[in-house]
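Q: Protein chains in written order, with numbering that gives the first Met the number 0: chain A, 0 to 318; chain B, 0 to 126.
Just so you know, the hints here were simulated from the structure itself, not pulled from any lab data.
Please note that a few of the clues may not be correct.
Output of the computed footprint for chain A on chain B, the stretches with three or more beta carbons under 8 Å from beta carbons of chain A [claimed, not checked]:
{"#": "1", "segment": "56-65"}
{"#": "2", "segment": "83-92"}
{"#": "3", "segment": "109-122"}
Pulled a few chain A residues facing chain B out of the computed Cβ check, cut under 10 Å [as the list claims (entries may be wrong)]:
{"#": "4", "residue": "His-212"}
{"#": "5", "residue": "Pro-217"}
{"#": "6", "residue": "Ser-240"}
{"#": "7", "residue": "Leu-241"}
{"#": "8", "residue": "Leu-242"}
{"#": "9", "residue": "Asp-243"}
{"#": "10", "residue": "Val-245"}
{"#": "11", "residue": "Ser-255"}
{"#": "12", "residue": "Asn-256"}
{"#": "13", "residue": "Met-265"}
{"#": "14", "residue": "Leu-298"}
{"#": "15", "residue": "Thr-299"}
The beta-carbon is built from N, C-alpha and C at its ideal position, and this holds for glycine as well.
So you can see what is in the structure, the chains are spelled out below.
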Amino acid sequence: MRVRFWGTRGSIPVALTSADIRHKIEQALALAIASGVDSPEKLQNFIEHDLGFSISHTYGGHSSCVELETGRAEYLVCDMGSGARAFGNRIMSRRDGGPPPVINVIMSHVHWDHIMGFPFFAPAYVPGARIRIHGCHDVLEQAFRLQQSAPCFPVDFSRLAADIEFTQLEAGASYDVAGFRVTPKLQRHTGGSYGYRFERDGKTVVYSTDSEHKLEDPAETRGFVEFFRNADLVIFDAMYSLLDAVSMKEDWGHSSNIVGVEMAQMANVKHLCLFHHEPAFDDDRIESVLNETIRLEKLTRTEQPLKITAAYDGMEIEL
Amino acid sequence: MKNMDIRSKTYGDVLVLSPTGRIDHANSEVFRRALNPLIERCSANGQRLVLDLAGVDYVSSAGLRCFMLAEKQAKSQGGAIVVAAMQPVVNEIFEISRFTLVFETFATVRDALAKVSPAALKAFDAA
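In isolation and in its complexed conformation, chain B is listed as follows (with noise of 0.2 Å):
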């Protein structure tokens, strides 16, 4: 099974999270035990996530999946995911899915930080 890459920068108070390539059966286990460890360590931190998908080209219902068991997994910690920066197909694959009635999405991470914390939009822009 092929290791997944997600890339992880904090802005202010919010994680940003960048996965790359195809969340699909074939690497979905991968992609929740390496978004795990990043979500408790966002929770410890009191911090707030941001899910970037502008490098994701693909998501199957297993991808998904393990969106929802971290929205879950956050939640229970008192955190929040919202989504950013989705591909068309991406984005049609979440509004098929009904995803888009969970996850706040927005069209850049720019977007979403805007909304999460004035702090990390502040950080965004100066970066």
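The following block holds chain A by itself, in its conformation from the complex (with noise of 0.2 Å):
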């Protein structure tokens, strides 16, 4: 199984700025000085092996949006934050001539940064082409077409030339989407959100994002830890550091990275990835909070250890 991520960010869309891109390159020639880069061989050597992600690299801005490889002639994906445009994008360039892609959304809940890629996604303006888009909201379709009705924006959803198909599923049945058991659960969110289980071929990811985890209520504690089990990966909301998540940001509807390490041992979870990055993080910050967070794991590591990334635009996990 595959887990492709085309947006991370949390909230907004974000993108570098030319005062970022410029701190990169002062940065990497800094260091590069510092190393004796003076051929092509060792610059080579020196961006794969010296140079942080944080210099050569960057997370990404796009709003969320995470596809999980179907192994079939259809598409599976969780939300349409701008993310969506590229995902779109590849779905038509890998079509070649075929006949019209058929794809699957799955929906945490219909909140403005994981709706807004669905205009600008591609498919949706290909005759043919179908779009299930799945969600536990009863406002999931009016959310779609409200975002595309005048005067915020010039194509309505109606004038949409795909076959687009709403529907309505409830937390705690598991339905049977792509290829996938899918089981969702309702989230602390404004509005509320739901997580998603995916399980398949003796794999099973978690996609948990705008999910505010207090870990007040130990009978909801032990519910999410048991959604979590033996999760081969959960994508988790870690957008917060854990004193914003309990001071000034208390109900808002995020977690922290403290609370995604601790449930994450608590679930016997193998690999957690931190998500919906903060957009005000630039990406010296997520590899602060990621390079924090695995320190922590290390701390307070009980049985088997716990592997730890941060999700970037672009990023492909293989389960």
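From the two separate chains plus the hints, produce the assembled complex.
A: Shown next as structure tokens:
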């Protein structure tokens, strides 16, 4: 099973600025000078092995959109944030004269950063394409139609050429979608959001974004631990520091890296992927959060090690 | 749920609280309930408060949340809490959680008293 991240940023898309790029170049050149890089061969080696990810790459700025490869001639994707534009372009480029695509969309909720990519999702404009949008909110279809209503967008939803269906799911029930067993769970977030547990061929991925885990209520905590139980990968909303999550940003509907590690350890998860990055954080800051989270896991490890990564646009995880 | 023993000692106008063991999801509520009256008493007596964490070997997010609630309670009553003598692991958890942005921390209880109250430091040194 392969998971591919098209959008990983929380709340609003962000882009690198000219100053950000200049800062990366300055850092890279200073390190290259200090490392004695004086040949193309040394340069390649230096970029490959010595330059940190936050300098040589970027975590990216698209809002939530995560694809789970189905191994079939259809697609499965969580959320339609701004990353959906690139995802749609990839579908179009792979079509290569073949039949119109079939795309299954699973929606955590309908806040703007999770639907804003849909008006730019190229397959929606392809006659014969089938887009099945699944979610637990009764306002699912209304939200998709509303964002394309005048005066907010020039193309009304009714003018989309694809065959678009909306399917209502219920938390706690399990469904077969594109070969996956899919189980939604209600999460703490303004207006409610839903996490999804995906199971196929003995592998499990949990997509749990826009979820505030307070761990105050033991029964609620147990419920989420069971939802995460033995997952190969948990994609976790780690937008805030714990300090922010329990003080000024309490009840804003997001969690922290610390709570992510604690829950993953309780649930015997194999891989925790930090997701829904704070838009105010630059690449250096996200890398610091990642390194601190890895350190925390080492400090608090009781049984098997927990792998920790920070999602970036374009990242692929093979399970 | 286990009881939580929090030793308390007064030095001049400062109350030093010394919990022991782990403060985690299993006992954070007990810890919070044990802490509440001590903070109230502290505020009522116009005392300042030092949290001596020398005997605490682990604090989870639930435990940190208790510290935050205690700080809010103390602040609303005109007081403040400082933290002292953290073990290295707890110190790192404070840094990773960014709680060091809210709590002033000191290497020892004596260092904390020296900053908070000269009278308390004098009482501590005389004890």
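Q: Work down the list of hints and note, for each, if the structure agrees.
A: Against the structure, the hints come out as follows:
Under a criterion of three residues with beta carbons nearer than 8 Å to beta carbons of chain A, the stated coverage of the segment 56-65 of chain B is upheld, 6 such residues being counted. Counting residues of the segment 83-92 of chain B whose CB falls under 8 Å from any CB of chain A gives 3; the rule of at least 3 is met. Judged by the Cβ-Cβ criterion of 8 Å, the segment 109-122 of chain B is not covered by chain A as claimed, because only 0 of its residues qualify and three are needed. Among the interface hints, the one on A:His-212 holds; its C-beta lies about 9 Å from the nearest C-beta in chain B, closer than the 10 Å criterion.
Because the smallest distance between the Cβ of A:Pro-217 and any Cβ of chain B comes to about 7 Å, under 10 Å, the interface hint for this residue holds. Among the interface hints, the one on A:Ser-240 holds; its C-beta lies about 4 Å from the nearest C-beta in chain B, closer than the 10 Å criterion. Interface restraint check: A:Leu-241 against chain B, minimum CB-CB distance 4 Å, threshold 10 Å, status holds. Nearest Cβ of chain B to the Cβ of A:Leu-242: about 4 Å, under the 10 Å cut. The hint holds.
Residue-level restraint check for A:Asp-243 holds (minimum Cβ-Cβ distance to chain B is 7 Å; threshold 10 Å). Checking A:Val-245 against chain B by beta carbon gives a least distance of about 5 Å; that is within 10 Å, so the hint holds. A hinted interface residue such as A:Ser-255 counts as satisfied when its beta carbon comes closer than 10 Å to some beta carbon of chain B; here the least separation is about 7 Å, so the hint holds. This hint holds: A:Asn-256 has a C-beta 8 Å from the nearest C-beta of chain B, less than the 10 Å allowed.
Here the hint on A:Met-265 is kept, as its CB sits about 8 Å from the closest CB of chain B, short of 10 Å. The interface hint given for A:Leu-298 is met, as the beta carbon of that residue sits about 5 Å from the closest beta carbon of chain B, less than 10 Å. For A:Thr-299, the interface hint holds, the least distance from its beta-carbon to any beta-carbon of chain B being 7 Å, beneath 10 Å.
Comparing the model with each numbered hint stated earlier shows that hint 3 is the single one that does not hold.
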